[in-house]
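Peer 1: Chains as they are written, first to last, in the numbering used here: chain A, 293 to 697; chain B, 110 to 255; chain C, 400 to 563.
Quick caveat, the hints were computed from the structure, so don't treat them as lab data. Treat the hints loosely; a few may be bogus.
Restricting the straight-line Cα-Cα distance to at most 16 angstroms, the calculated cross-link-like pairs of lysine to aspartate or glutamate (EDC-like) are [as the list claims (entries may be wrong)]: (1) Lys425(A) - Asp438(C); (2) Lys573(A) - Glu454(A); (3) Lys251(B) - Asp606(A); (4) Lys505(A) - Asp156(B); (5) Lys468(C) - Asp240(B); (6) Lys436(C) - Glu454(A); (7) Lys468(C) - Asp514(C); (8) Lys498(C) - Glu345(A); (9) Lys251(B) - Glu345(A); (10) Lys570(A) - Asp535(A); (11) Lys479(C) - Asp454(C); (12) Lys468(C) - Asp241(B); (13) Lys685(A) - Asp485(A); (14) Lys573(A) - Glu428(A); (15) Lys538(C) - Asp454(C); (16) Lys463(A) - Asp485(A); (17) Lys436(C) - Asp432(A); (18) Lys628(A) - Asp502(A).
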Amino acid sequence: MKEPLRKSVLAVGPFHPLQEEMEFFQLTVDGEKVTDIDVRISYNHRGIEKLSETLQFDQVPYLVSRVCGICSASHPLAYVQAVEEIAGVQPPERALYVRTIINELERIHSHLLWVGLGGHFIGYDTVFMWAWKYREPVLDLLEEITGNRNNYGNVKVGGCREDIPDELIPKINQELDVIEKKTEMLTKAVLDDPVLHARLKGVGVLSKEDGIKYAVTGPTARGSGIAIDVRRDDPYAAYAALDWKVIVQTEGDVFAKAVVRLLETFESIKMVRQALAKLPKGPVAVDVKEIPPGEGCGHAEAPRGETFHYVRSDGGNRPVRHKIRAPSYVNVPSFKASCIGADIADVTLTLAAVDPCYSCTERIAVVDGHHAVLHDYEELLRLSRAKTATIRKDLGAPEMNWEDF
Amino acid sequence: MQPNEFHKQLTPIRDRLAGLDRTADNRVFLPCEAAQVYEVCRFLFQDLGLRFVISTGIDAEDRFEVLHHFSDDASGCVVTVKAFVRDRQAPELDSLTPLIPGAEWTEREMHDLLGIRFRHHPNLQRLILADDWPEGVYPLRKDVQA
Amino acid sequence: MHTLQLWALKKSIWVFHVNTGACNNCDIEIVNLLTPKFDVERFGIKLVGSPRHADALLVTGGGTRQAAKRLQEVYRQTAKPCVVFCTGACACGMGIFEKGYHMAGPIDSLIRAVDPQAIIAYVPGCPPKPQAIIMGVVKALAALQPEREYATERVPQTAYADPG
Chain A
293 MKEPLRKSVL AVGPFHPLQE EMEFFQLTVD GEKVTDIDVR ISYNHRGIEK LSETLQFDQV
353 PYLVSRVCGI CSASHPLAYV QAVEEIAGVQ PPERALYVRT IINELERIHS HLLWVGLGGH
413 FIGYDTVFMW AWKYREPVLD LLEEITGNRN NYGNVKVGGC REDIPDELIP KINQELDVIE
473 KKTEMLTKAV LDDPVLHARL KGVGVLSKED GIKYAVTGPT ARGSGIAIDV RRDDPYAAYA
533 ALDWKVIVQT EGDVFAKAVV RLLETFESIK MVRQALAKLP KGPVAVDVKE IPPGEGCGHA
593 EAPRGETFHY VRSDGGNRPV RHKIRAPSYV NVPSFKASCI GADIADVTLT LAAVDPCYSC
653 TERIAVVDGH HAVLHDYEEL LRLSRAKTAT IRKDLGAPEM NWEDF
Chain B
110 MQPNEFHKQL TPIRDRLAGL DRTADNRVFL PCEAAQVYEV CRFLFQDLGL RFVISTGIDA
170 EDRFEVLHHF SDDASGCVVT VKAFVRDRQA PELDSLTPLI PGAEWTEREM HDLLGIRFRH
230 HPNLQRLILA DDWPEGVYPL RKDVQA
Chain C
400 MHTLQLWALK KSIWVFHVNT GACNNCDIEI VNLLTPKFDV ERFGIKLVGS PRHADALLVT
460 GGGTRQAAKR LQEVYRQTAK PCVVFCTGAC ACGMGIFEKG YHMAGPIDSL IRAVDPQAII
520 AYVPGCPPKP QAIIMGVVKA LAALQPEREY ATERVPQTAY ADPG
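Pulled out of the complex, with its shape left as it was, chain A reads as follows (with noise of 0.2 angstroms):
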């Protein structure tokens, strides 16, 4: 006889094991398939569009760095691109090439951000404490750049806050020089470990028709064969001039996303170095007086995907009009064509895979009809580590040891 449907129900966070209210990803499951789901994501939700009205134009970068931490450098550069075009203002060529700087410096420790979660997920703990190891440096050279770590305040409509200093260049190419062997040696390890290769390939795949239809960008549509990115599509700061790849992959699945954003690790580097050297001398800002009415997009190519904001001005010191769109508000829904049919193990696995906001992955759960929790977050990723193993041993490969590094 079959087994009657067990409906699960949302995601409860590591602190809520016995929670019943609905939080974010609702599983439903058939045995240890999944078979539905929903999100709600009202958790994180501040309001951030109105506040933008009640703040001058150029208060709002400040606001926009904090949608989310990890693009916080791309948020208020596709803003500040909007307002640009309302104003129809031209940014000094020096700012292009320092806000493309600090862009792909992001996107380095952000990738290897993602790496590090990715390992831990799957149980291989050495590559995440090695990952967010070696993003602490990049971190550094952002602090000694804008003054932070994170939420840099470096953009403002018509150029940039703050300049690169001269003196600063010889260190960042040293550091690069670092991270680059430091990454050549991780992407090895995972392009030939065979255990990574069992334990990704043919996970979570996202088909190219799928992400056609739930609009994804970055990675995540690049993984899938979708063979687009803001950066030279539409291009913006000082992307045009530099010579770099855009990186694509057709498979779709996990293994395919961690490869794209590997080596996509290496083009930022490239082009940190390219940038550096041809940073032309001048001003990195123009002074902009006043916003005529309008309306602007402006998008960037975060490292999570495409993030793009539209606003509209009446001719006042206040945005009318901001909406925000960062990658992972498309990105996510994928999740719905990528984990159906999935095995439960598999789920941590590929929400990572689409790299939302960290905490978003820890909200999953699945649960049954009566509301016990069959598997919580600290079990799925129990399941999906345990699937590791069994990988592992049934191959006869060995422990991937942090001496290795």
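Position chains B and C relative to chain A; hints supplied.
Peer 2: Frame of chain A; chains B and C shown alone:
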């Protein structure tokens, strides 16, 4: 494709539009009445293969506006369909979600924050406002104080 | 980077992390505490997966309307006595999100609504650097247990001035 070529691509739906505004090199706005929006968007998404980006709901004093933003990645052009929803008492628009699953959240959000109803939306439930947020209070409307 | 010279804490401090609507910067800095550069486990500070055994809560975010009740529920479940660390500008006072229509914080008012005698510490910063979070935890514990020897008096003065 440059904006002037883009013009020609729009011939099949030109009579559905109230205008064609090119605000910048790579920025095109297509104003139209609410009743035309679904067909215009279907044309852009299915026939021209543009990528859906997001939708912006606006309380524009005497009417609501729903902007559906699309991207022509091949040329870098952002194409925004600007729908005028003139009935302020019961604002409604045809949902894009049956055509573009990626529009589900943004339409739910506009429903939460502006009270615009999307006809034929498969799941028009609360998305971003708290469970205990009062019904009938739409935070993005201009009459709600920040 | 300043070298923090701390005695090993006489008792391990088990810490539980709660996000009440944060942008993730503070959350990431908290996770950074586990990584090799900061490595709080050598000080006896341990991040745990349940509030029931926690001695302290690291709360991030300004307390959105949806998150407020959950935070209060977590506080009730946490073993007492416990210290609530408001980590980051949002948790300390909602910061730039103060006027947001969906905000129900600040964190201290949400906690005091449940327990007027709650012990609350503030670690400001946007985000506070991992060093600042460690400093905050140790300072608060030293203040609460003056008869124990926490070596905060040995930490160089400059550590306090560290802008978070």
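Peer 1: The structure should be examined with respect to each hint, and the outcome stated for every one.
Peer 2: Hints versus structure:
no.	hint	result
1	Lys425(A) - Asp438(C)	holds, 10 angstroms
2	Lys573(A) - Glu454(A)	holds, 14 angstroms
3	Lys251(B) - Asp606(A)	holds, 14 angstroms
4	Lys505(A) - Asp156(B)	holds, 14 angstroms
5	Lys468(C) - Asp240(B)	holds, 11 angstroms
6	Lys436(C) - Glu454(A)	violated, 28 angstroms
7	Lys468(C) - Asp514(C)	holds, 14 angstroms
8	Lys498(C) - Glu345(A)	holds, 12 angstroms
9	Lys251(B) - Glu345(A)	holds, 10 angstroms
10	Lys570(A) - Asp535(A)	holds, 12 angstroms
11	Lys479(C) - Asp454(C)	holds, 7 angstroms
12	Lys468(C) - Asp241(B)	holds, 11 angstroms
13	Lys685(A) - Asp485(A)	holds, 13 angstroms
14	Lys573(A) - Glu428(A)	violated, 29 angstroms
15	Lys538(C) - Asp454(C)	holds, 15 angstroms
16	Lys463(A) - Asp485(A)	violated, 33 angstroms
17	Lys436(C) - Asp432(A)	holds, 12 angstroms
18	Lys628(A) - Asp502(A)	holds, 10 angstroms
Violated hints, listed in ascending order, are 6, 14, 16; each of the other numbered hints is respected by the structure.
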